[in-house]
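*Asks:* The lines below spell out each chain.
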Amino acid sequence: MRSVLLDLKDVTFDYILENKQSLRAVNDLSLQVEEGEYIALIGPNGSGKSTLARLLNALLIPLFGEIQVDGFATRVEEHRWEIRRRVGMVFQNPDNQIVATTVQEDVAFGLENLGVETSEILQRITESLNRVGLSAYAEHAPHLLSGGQKQRLAIAGVIAMRPRCLVLDEPTAMLDPRGRKEVLDTIHSMNRQENITVVHITHFMEEALQADRVIVMHRGEIAAMGKPETIFNGSIDLHLLGLEVPPIPRLAEMLRAEGLTIPKGILDTDDLVSYLCS
Amino acid sequence: MRSLTLGHYLPGNSLLHRMDPRVKLVSLLVLIIALFVIETFLGFMLFGSFIFMIFLSTRLPWRYFFRGLRPVFLIVLITLILHFLFTKGGQVYVRWGPLTVEEAGIYLGSFMTLRLVLLVTTTVMITLTTSPIAFADGIEYLLRPFRRMGVPGHEIAMMMTIALRFIPTLMEEGDKIRKAQMARGADFETGNIFRRARNLVPLLVPLFVSAFRRADELAVAMEARCYRGGQGRTRLRELQARPLDYYGLTTVTAILVFIILTGV
Amino acid sequence: MFIEVKNLTHVYMPGTPFQVNALTDVSLDIERGEFIGVIGETGSGKSTLVQHLNGLLKPTSGEIWIEGNNLWSSKTDLRRLRSRIALLFQYPEHQLFEETVFKDVAFGPRNMGVEGRELEERVRYGLEWVELDYHTYSQRSPFSLSGGEKRRVAMAGILSMYPEAIILDEPTASMDPVSRKHFLARIKRLHQEGKVTVIFVTHNMEDIALLAERLFVFASGRLVLQGQPAEIFQSKETLEAIGLGIPVLTDLMQKICRKGKTIRTDIFSVEDACREIIRSRREGVG
Numbered sequence: 001m002r003s004v005l006l007d008l009k010d011v012t013f014d015y016i017l018e019n020k021q022s023l024r025a026v027n028d029l030s031l032q033v034e035e036g037e038y039i040a041l042i043g044p045n046g047s048g049k050s051t052l053a054r055l056l057n058a059l060l061i062p063l064f065g066e067i068q069v070d071g072f073a074t075r076v077e078e079h080r081w082e083i084r085r086r087v088g089m090v091f092q093n094p095d096n097q098i099v100a101t102t103v104q105e106d107v108a109f110g111l112e113n114l115g116v117e118t119s120e121i122l123q124r125i126t127e128s129l130n131r132v133g134l135s136a137y138a139e140h141a142p143h144l145l146s147g148g149q150k151q152r153l154a155i156a157g158v159i160a161m162r163p164r165c166l167v168l169d170e171p172t173a174m175l176d177p178r179g180r181k182e183v184l185d186t187i188h189s190m191n192r193q194e195n196i197t198v199v200h201i202t203h204f205m206e207e208a209l210q211a212d213r214v215i216v217m218h219r220g221e222i223a224a225m226g227k228p229e230t231i232f233n234g235s236i237d238l239h240l241l242g243l244e245v246p247p248i249p250r251l252a253e254m255l256r257a258e259g260l261t262i263p264k265g266i267l268d269t270d271d272l273v274s275y276l277c278s
Numbered sequence: 001m002r003s004l005t006l007g008h009y010l011p012g013n014s015l016l017h018r019m020d021p022r023v024k025l026v027s028l029l030v031l032i033i034a035l036f037v038i039e040t041f042l043g044f045m046l047f048g049s050f051i052f053m054i055f056l057s058t059r060l061p062w063r064y065f066f067r068g069l070r071p072v073f074l075i076v077l078i079t080l081i082l083h084f085l086f087t088k089g090g091q092v093y094v095r096w097g098p099l100t101v102e103e104a105g106i107y108l109g110s111f112m113t114l115r116l117v118l119l120v121t122t123t124v125m126i127t128l129t130t131s132p133i134a135f136a137d138g139i140e141y142l143l144r145p146f147r148r149m150g151v152p153g154h155e156i157a158m159m160m161t162i163a164l165r166f167i168p169t170l171m172e173e174g175d176k177i178r179k180a181q182m183a184r185g186a187d188f189e190t191g192n193i194f195r196r197a198r199n200l201v202p203l204l205v206p207l208f209v210s211a212f213r214r215a216d217e218l219a220v221a222m223e224a225r226c227y228r229g230g231q232g233r234t235r236l237r238e239l240q241a242r243p244l245d246y247y248g249l250t251t252v253t254a255i256l257v258f259i260i261l262t263g264v
Numbered sequence: 001m002f003i004e005v006k007n008l009t010h011v012y013m014p015g016t017p018f019q020v021n022a023l024t025d026v027s028l029d030i031e032r033g034e035f036i037g038v039i040g041e042t043g044s045g046k047s048t049l050v051q052h053l054n055g056l057l058k059p060t061s062g063e064i065w066i067e068g069n070n071l072w073s074s075k076t077d078l079r080r081l082r083s084r085i086a087l088l089f090q091y092p093e094h095q096l097f098e099e100t101v102f103k104d105v106a107f108g109p110r111n112m113g114v115e116g117r118e119l120e121e122r123v124r125y126g127l128e129w130v131e132l133d134y135h136t137y138s139q140r141s142p143f144s145l146s147g148g149e150k151r152r153v154a155m156a157g158i159l160s161m162y163p164e165a166i167i168l169d170e171p172t173a174s175m176d177p178v179s180r181k182h183f184l185a186r187i188k189r190l191h192q193e194g195k196v197t198v199i200f201v202t203h204n205m206e207d208i209a210l211l212a213e214r215l216f217v218f219a220s221g222r223l224v225l226q227g228q229p230a231e232i233f234q235s236k237e238t239l240e241a242i243g244l245g246i247p248v249l250t251d252l253m254q255k256i257c258r259k260g261k262t263i264r265t266d267i268f269s270v271e272d273a274c275r276e277i278i279r280s281r282r283e284g285v286g
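Here the protein sequences line up with chains A, B and C, keeping their order. Under my numbering, the first residue of the first sequence carries the number 1, and numbering increases by one thereafter. Under my numbering, the first residue of the second sequence carries the number 1, and numbering increases by one thereafter. Under my numbering, the first residue of the third sequence carries the number 1, and numbering increases by one thereafter.
Isolated chain A (complex conformation) (with noise of 0.2 Å):
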């Protein structure tokens, strides 16, 4: 029985626009996030998905109910740096991320922010990039680095703080196939191997397949949530919700309409296969 990391009741939030009207983005949510969980949060554009993620870190507050990161509310002010140290957050344009003219200061940035003795920086530091790969690349310039390396400096710098949960914002969005499986692996080995709650917002959704759950937004709200097998086998019609439905569990449907006995849980290429050719 795993702890509940990140507690989300009733959460509403409005956007105040330029003309003084409010849009909600956000609408009477509730979530419970478990320690060690990899979550994919999926929707169309304007579901809310990116508000969310703002909100549990602290970086925006609820009009109306409460977040709760590990016992600390986001609500009161005083809790929003214990917050932004268990929530660490990477965002979609891995340049707009990066603060320092060398790689290793980009990743001491968040620990000089913390006030880390000097002598720890140093070592966290190298772990960091140890972790993500980059350690050749410690005095770099960072301009100098592909997308795929940006990013990856983006989550080497949010680990340094050790984190219990890394909320990625369509973190592969800008990247070609090479930086997207670089980032995306990294991603998981951080989720297995040290356990660290995984929240990762995408619109790509061959990504969504490998959570642990996957849940899908709507205007606001959560339409569907569950595993990914549930969620893209065809019981949920995610058309109407706005989404592309990923080509495998596509094709599986179509094969069952006309016919075919194919299994609920297929999601991958090879499943598929397997089925087919026995």
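There could be a bad hint or two in this list.
[What the hints assert, rightly or not] To spell it out: a stretch of chain C is covered by chain B in this simulated footprint if at least three of its residues, at any positions, have a beta carbon under 8 Å from a beta carbon of chain B; those stretches are:
(1) 27-41
(2) 46-56
(3) 92-99
(4) 152-162
FYI, nobody ran anything at the bench for these hints, they're computed from the structure. Only a predicted model underlies this, so the values are computations on that prediction, with no experimental measurement involved. Ideal Cβ positions, reconstructed from N, Cα and C, are used throughout, including at glycine.
Using the hints provided, position chains B and C relative to the given structure of chain A.
*Replies:* Frame of chain A; chains B and C shown alone:
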């Protein structure tokens, strides 16, 4: 564009490289004051020899040195010519219609030019041997005592670091925007200076908008990593003054004192 | 022959420590009306290549021929060329700068000397193609639009030049799946109805699998493969080694084929895959 060495910094291991940036900044200030106190060509010669010796110790290639002087070359030339032509006094050496070149002009022209050259030379030497991060650290430390007066030393240093970090990125983006507009028929080359300034709008507006957007996103990312200004921050590298630094500072101060006392 | 690239080599900042051999000895042809896919990972040289096709970059060595004319030997009107062969850069929403959508879409044609009635027609044309209503959008500030709308305005700004060919550099970067689908449908229409030659640069195999007639595959500045998509996707290992992949469905069909079933592998859509799998099972060949 990418060949611009950031702040002209060249890594190395000479004495000057290893000196504490705070000491270098203060020494630079002291030396500049010295330059303005010097009254004779002899003073400049002595000063120049000192700088020359330091330069040799850095083991830097000559060409970077001259590259540092290039931006001011025009100013130096103009200063020289203006003094030659318009400063009057003493013996007239050349007469060319209404224009004359007189002794005072030559003297003052040479004097001012020499001071300018030595000033730039000294500054270039410091920038060639000090990394941008070290600069920012040095400035942050030196401004700390002024915090009580409301001088945001840490924030200034942070802004410097971030600006330096983004210069190559923004230059690349500027290049991309320029090409994108050229692909739509924009012309950045022809026309007089006013025309060309106006034609820069399709380049500058998107660049500025983008820079602001980046700043916005960066601020959020910094907050997410627990940034809250300079309070309670530790540093990866703490600045440590060593014997070398004390010798350097003493030497430089001694030079200033010598110049003042001897009136050279 | 519309566009010919002959032994093109391009080196950035030659002779400096920052030298990059972006392209080495690349030769290829593009016929009028074709839909070409240029694929490769970041840094493979694909963007550098396409910037030569409208004269934005000059070859370090080699030649670019447009309709039988050497681009750099004669006094080519480059600005005019850029209205005929239009290039849309990656994240084009970042190039918008005018006060109104109308003015921004009009920028291209205005640089060509177009004004008045015809200018308005061209702006309408551009906005129509990207499915943005003229009345709703033309007087709005581009900066007040959503990311997707901005990108469409940028696209309209290229189409308003009535180009004969359009080069799209990773046009679906960061797009959500629904927007992507709409965009690709629009490009397909543009190619077929508008008779525009399309050069689509991407590292996303799914994008061009269905649309491209021919592919040019780049790695480390060299053209390593060229041919029809079905042929190219046979070389899965090669593609993976250079940082690319093959479409998921094609991979599926290839794997089924390798297990001994007689099945077509030039499949890129779910509908085709379904049909082919059913057919293969019905014919019961093992």
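*Asks:* For this structure, which hints from the list above don't hold up?
*Replies:* 1
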